[in-house]
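*Asks:* Sequence:
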Amino acid sequence: APIVHFDTIDMDTCWFQSRYDKVGPGGTGKDYINCPMDKDQYLAFVQALVDGQKTEFKEWEGTPYFDGCLPIEVMAERGVETLRHGPMKPMGLTNVHNPSVKAYAVVQLRQDNALGTLYN
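To convert, note that position 116 of the sequence shown is 116 in our numbering; the numbers rise steadily by one, no gaps.
Treat the hints as calculated values from the structure; they're not laboratory data.
Each residue gets a CB set at the ideal place from its N, CA and C atoms; glycine is no exception.
Please note that a few of the clues may not be correct.
Derived pair list, reagent style DSSO-like, types lysine-lysine, alpha-carbon separation capped at 27 Å [claimed, not checked]:
# : residue 1 : residue 2
1 : K102      : K58
2 : K39       : K89
3 : K89       : K102
4 : K89       : K30
5 : K54       : K22
6 : K22       : K102
7 : K39       : K102
8 : K102      : K30
9 : K54       : K39
Quick list of the computed label-pair ranges, beta carbon to beta carbon [unchecked claim]:
#  : residue 1 : residue 2 : range
10 : E59       : T28       : 41 to 51 Å
11 : D10       : E61       : 32 to 42 Å
12 : K102      : E59       : 24 to 34 Å
13 : W60       : T28       : 36 to 46 Å
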């Protein structure tokens, strides 16, 4: 997964929250940065995944994927709505900046270092 520096995230748009405010082991209930997308942003994101350059695997690397662990670009190729009903679903999240508006899709980033400067 790509690494995102905290200081590049627009926290006027994004917010900290765990889905349904659930507290995981060692968590706070605000364990993810939620980056909302409207419909146009989401559709452009999915199209970029589908159209993006892919790595060609060697024949011996042809191991089938387990459905619960599919790469995001493979999921996107299964249908335009697949991601927003899977890992990018907005359910259980409330935008603290605009609680009455439900995001079309959400990218959740989790902390990747103890300093809280890197997320993935």
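*Asks:* Is K54 within 27 Å of K22, Cα to Cα?
*Replies:* violated, 36 Å
*Asks:* Does the beta carbon distance between E59 and T28 stay inside 41 to 51 Å, or does it fall outside?
*Replies:* With Cβ atoms ~47 Å apart, the hint holds.
*Asks:* Kindly confirm whether 24 to 34 Å is satisfied by the beta carbon distance between K102 and E59.
*Replies:* For K102 and E59 the Cβ distance comes to about 45 Å; the hint is violated.
*Asks:* Holds or violated: K22 and K102, Cα atoms, limit 27 Å.
*Replies:* holds, 19 Å
*Asks:* K54 and K39: Cα distance at most 27 Å?
*Replies:* holds, 25 Å
*Asks:* Going straight from one Cα to the other, do K102 and K30 come out at no more than 27 Å?
*Replies:* holds, 18 Å
*Asks:* Do the alpha carbons of K39 and K102 lie within 27 Å of each other, as the hint requires?
*Replies:* holds, 11 Å
*Asks:* Hinted pair, alpha-carbon criterion (27 Å max): K89, K30. Please report holds or violated.
*Replies:* Distance of about 17 Å is within 27 Å: holds.
*Asks:* Can you confirm whether the C-alpha distance between K102 and K58 stays at or below 27 Å?
*Replies:* Status violated; Cα separation ~42 Å.
*Asks:* That 36 to 46 Å hint for W60 and T28 (C-beta), does it hold up?
*Replies:* holds, 44 Å
*Asks:* Range first: 32 to 42 Å. Now tell me if the beta carbons of D10 and E61 are that far apart.
*Replies:* holds, 38 Å
*Asks:* Compare the distance between the alpha carbons of K89 and K102 with 27 Å, and conclude whether the hinted pair is satisfied.
*Replies:* Given pair K89, K102 holds - Cα atoms ~11 Å apart, limit 27 Å.
Hint compliance for this structure: hints 1, 5, 12 are not met, and every other hint is.
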